[in-house]
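Fit chains B and C to the supplied structure of chain A, relying on the hints for placement.
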Amino acid sequence: MKNQNTPATKTTQIRLTRRAPTYWRVTFDHPPLNVFGPGAILEMTEIITALETDEHVKVVVFDSAVEGFFLNHSDFLGKLEDLTGLPAGPTGLQAWPDILVRLSRAPVVSIALIRGRATGNGSEIALASDMRFASREKAILSQWEVGVGLIPGGGPMARLPRLMGRGRALEVLLGADDIRGDLAELYGYVNRSLPDADLDAFVDALATRIASFDKRAIIDTKNLVNAASLPPDVEIAAGWSACLASIVRPAAQERIKTLMARGFHKPGDAENRLGYYVGELGH
Amino acid sequence: MKNQNTPATKTTQIRLTRRAPTYWRVTFDHPPLNVFGPGAILEMTEIITALETDEHVKVVVFDSAVEGFFLNHSDFLGKLEDLTGLPAGPTGLQAWPDILVRLSRAPVVSIALIRGRATGNGSEIALASDMRFASREKAILSQWEVGVGLIPGGGPMARLPRLMGRGRALEVLLGADDIRGDLAELYGYVNRSLPDADLDAFVDALATRIASFDKRAIIDTKNLVNAASLPPDVEIAAGWSACLASIVRPAAQERIKTLMARGFHKPGDAENRLGYYVGELGH
Amino acid sequence: MKNQNTPATKTTQIRLTRRAPTYWRVTFDHPPLNVFGPGAILEMTEIITALETDEHVKVVVFDSAVEGFFLNHSDFLGKLEDLTGLPAGPTGLQAWPDILVRLSRAPVVSIALIRGRATGNGSEIALASDMRFASREKAILSQWEVGVGLIPGGGPMARLPRLMGRGRALEVLLGADDIRGDLAELYGYVNRSLPDADLDAFVDALATRIASFDKRAIIDTKNLVNAASLPPDVEIAAGWSACLASIVRPAAQERIKTLMARGFHKPGDAENRLGYYVGELGH
Numbered sequence: 001m002k003n004q005n006t007p008a009t010k011t012t013q014i015r016l017t018r019r020a021p022t023y024w025r026v027t028f029d030h031p032p033l034n035v036f037g038p039g040a041i042l043e044m045t046e047i048i049t050a051l052e053t054d055e056h057v058k059v060v061v062f063d064s065a066v067e068g069f070f071l072n073h074s075d076f077l078g079k080l081e082d083l084t085g086l087p088a089g090p091t092g093l094q095a096w097p098d099i100l101v102r103l104s105r106a107p108v109v110s111i112a113l114i115r116g117r118a119t120g121n122g123s124e125i126a127l128a129s130d131m132r133f134a135s136r137e138k139a140i141l142s143q144w145e146v147g148v149g150l151i152p153g154g155g156p157m158a159r160l161p162r163l164m165g166r167g168r169a170l171e172v173l174l175g176a177d178d179i180r181g182d183l184a185e186l187y188g189y190v191n192r193s194l195p196d197a198d199l200d201a202f203v204d205a206l207a208t209r210i211a212s213f214d215k216r217a218i219i220d221t222k223n224l225v226n227a228a229s230l231p232p233d234v235e236i237a238a239g240w241s242a243c244l245a246s247i248v249r250p251a252a253q254e255r256i257k258t259l260m261a262r263g264f265h266k267p268g269d270a271e272n273r274l275g276y277y278v279g280e281l282g283h
Numbered sequence: 001m002k003n004q005n006t007p008a009t010k011t012t013q014i015r016l017t018r019r020a021p022t023y024w025r026v027t028f029d030h031p032p033l034n035v036f037g038p039g040a041i042l043e044m045t046e047i048i049t050a051l052e053t054d055e056h057v058k059v060v061v062f063d064s065a066v067e068g069f070f071l072n073h074s075d076f077l078g079k080l081e082d083l084t085g086l087p088a089g090p091t092g093l094q095a096w097p098d099i100l101v102r103l104s105r106a107p108v109v110s111i112a113l114i115r116g117r118a119t120g121n122g123s124e125i126a127l128a129s130d131m132r133f134a135s136r137e138k139a140i141l142s143q144w145e146v147g148v149g150l151i152p153g154g155g156p157m158a159r160l161p162r163l164m165g166r167g168r169a170l171e172v173l174l175g176a177d178d179i180r181g182d183l184a185e186l187y188g189y190v191n192r193s194l195p196d197a198d199l200d201a202f203v204d205a206l207a208t209r210i211a212s213f214d215k216r217a218i219i220d221t222k223n224l225v226n227a228a229s230l231p232p233d234v235e236i237a238a239g240w241s242a243c244l245a246s247i248v249r250p251a252a253q254e255r256i257k258t259l260m261a262r263g264f265h266k267p268g269d270a271e272n273r274l275g276y277y278v279g280e281l282g283h
Numbered sequence: 001m002k003n004q005n006t007p008a009t010k011t012t013q014i015r016l017t018r019r020a021p022t023y024w025r026v027t028f029d030h031p032p033l034n035v036f037g038p039g040a041i042l043e044m045t046e047i048i049t050a051l052e053t054d055e056h057v058k059v060v061v062f063d064s065a066v067e068g069f070f071l072n073h074s075d076f077l078g079k080l081e082d083l084t085g086l087p088a089g090p091t092g093l094q095a096w097p098d099i100l101v102r103l104s105r106a107p108v109v110s111i112a113l114i115r116g117r118a119t120g121n122g123s124e125i126a127l128a129s130d131m132r133f134a135s136r137e138k139a140i141l142s143q144w145e146v147g148v149g150l151i152p153g154g155g156p157m158a159r160l161p162r163l164m165g166r167g168r169a170l171e172v173l174l175g176a177d178d179i180r181g182d183l184a185e186l187y188g189y190v191n192r193s194l195p196d197a198d199l200d201a202f203v204d205a206l207a208t209r210i211a212s213f214d215k216r217a218i219i220d221t222k223n224l225v226n227a228a229s230l231p232p233d234v235e236i237a238a239g240w241s242a243c244l245a246s247i248v249r250p251a252a253q254e255r256i257k258t259l260m261a262r263g264f265h266k267p268g269d270a271e272n273r274l275g276y277y278v279g280e281l282g283h
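Protein sequences, first through last, are from chains A, B and C.
Counted from 1, the first sequence has number 81 at position 81 by my numbering; the numbering is strictly sequential.
Counted from 1, the second sequence has number 228 at position 228 by my numbering; the numbering is strictly sequential.
Counted from 1, the third sequence has number 146 at position 146 by my numbering; the numbering is strictly sequential.
Treat the hints as calculated values from the structure; they're not laboratory data.
Be a bit skeptical, because a hint or two may be false.
The list cannot tell twin chains apart, which means a pair is met if one copy fits it or any two copies do.
Said to hold, decoys possible - Cross-link-like lysine-lysine pairs, in silico, DSSO-like; alpha carbons within 30 Å at most:
#, residue 1, residue 2
1, K257, K215
2, K215, K266
3, K215, K79
4, K257, K79
5, K266, K138
6, K138, K257
Same shape as in the complex, but just chain A (with noise of 0.2 Å):
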């Protein structure tokens, strides 16, 4: 695990910022690669926490401050027990899934701005939201776990469905391949793409249109939604259950071992074409 992932520098990698009090911006700021560890889970529960219990947001935009990537996968360079040794979450979920569960019931509208790559945590965050708006040019999806022997964690087999229908969604899944923008504007995968010149303009207008509204009723047509689409905990929880018994399987060791050797989590090829990395990694 990075030093920069303890406690005592927590605020390193996600940076909140108040553009009103009724807007706010978390922005994944972890250079190079916007990797995200244990750290970067107990800051998201930090601001999950203050989502939660601020009177006044109403609106929260998720962003990146790193070239090429929204949000990357897990941290595969610690200890698994810095993982699995967070403590449950108010939800009695593990840390990472209850805080997506949580924020898909926050009292506040969660807007995904991505550009880059959103993979795995990134992906599963974006799923997590209320919505999501993709650079057509610069956006990549992908939920690049099966690719490698993974189950993914943080629910996108419960979510991804409901938003997209099951053949798209197994297609995703199981193709583990990078998405781009139009295919994901297709798919449901994203409310829409837009062209990246046009999309922080548009996410802006959109969470500043919210933020003027009335908060009440924002909160009781979200919740409203949510008993109409959200998936139960337990199928999050399975999820995640699947998850950590594949992490420990020697086929999903040995390939992230040869990926690794071939450049993963290292900037370059590997990381920012990992659909076609994991599609060689069986031949």
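Coordinates of chains B and C only, in the frame set by chain A:
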């Protein structure tokens, strides 16, 4: 409440035409804005009962005779008691949600032909219909309610996520903006958007086609689709309750009053560009 | 019932090819129309059992060797008893719905490569598969049954609304018309439609890719998606019962008889443009 909303002239606002015993048209004709009040609810109740009990009708198309408006929001000039005082329907739901739920279950195929604005009630009756086809150039769909501090009352929190997924449903409901033909088609808000010049012929051909099929096969098939896809009534009831609770809150009353001062409920820019206007209320 | 439908020549209609131990092809090859009868159901039962029990297979692609037809409607020239007399399968469902339900749950990834007509049974096996890819120019999907007074028997009332929403599902089922590649993609009836020249290479690359992944990770992920998205068996059973009840009704018998007189079940225009022909029956 306007005079034409009284029972004595109750057939003024909605016109039922039997193109054939098997194929009916229900035309919203309440110029200049096709606003929807308690009088129209009573008319719709009679029409729904006729659709439920007629032995011959197989298809009903909903359309509009009012330029620019398929069917509009509720009548805010009347007394709230005229709406809440309407008797509950046979489903146990209040009058408006009762109509919508019965339409979705009726032993007849309902098709919304959307040209002009389908705002509030107009969007809700379209969503309760079995299919929706929109004019690419002239249709505007809108659940505008959150923009004035209200919660929609006719079930879109239950129906939209099942039609387009949670993320796009939340955008439609919490963005409270005007949705035009192309986006409505992309999101699955409507089955398809067609060039305005082709819309009437397309819907008429489809309605005529279905009306030529066996009624029993139509009903049995629709009932099985309903079992797979309709929201439970309790979700519709919860939305209606939340709507009624929202109307009397100061946040909503003040926003509606401001909107009235800016031209709401009168022909003109505020009605034509309602999405823009509700976005200006909070500034 | 044609002779080749008997057990003695049971491998005539469906060909199983092992491209690799991990990657199988199942090819519908029953010229000239790829009509699907009780003999083919028996063959499919054996194939499903093989897919369920083989330790190595990870991916199966369904395709066709018959020009113009991926897989067609049921054989209406045989005796109904040959269909209804087939033993129930291990799910407790009758043979055809049993096959479809087992395919969706099988520990293998199924991909339908759709070129030509996928009518009735052909559409149903595509919908029971995990993914569907269609030729943009040459694929035609069709649940034609309501057009002749029948109810589809293989579960599309349960599957289509979960894939494309209630409105589009009702259009497909109650319109009973031919759906071509572009519309099938827009509606999510298929994952994607591809230029016919690219379809084979695309599906082969995806199948080869998935076949290179870890089988356990594939299965666990698919099972979790299934938990989130598969219809309950009782809905499939209800559709099958409704189908059987519809076949013996005079409305269906008369329409099928008329359609036979117009060329149904023979190579030619009635089969090629079935959507058009069923639309003419009621006039």
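Going through the hints against the structure:
1. K257 with K215: between (48 Å within a copy, 18 Å between copies)
2. K215 with K266: between (43 Å within a copy, 28 Å between copies)
3. K215 with K79: This pair counts as between: shortest inter-copy Cα distance 26 Å, intra-copy 41 Å.
4. K257 with K79: Cα proximity of K257 and K79: one copy only (15 Å, versus 59 Å across).
5. K266 with K138: Only inside one copy: K266 and K138 sit 20 Å apart there, 45 Å across copies, limit 30 Å.
6. K138 with K257: within (28 Å within a copy, 44 Å between copies)
No hint from the list above goes unmet by this structure.
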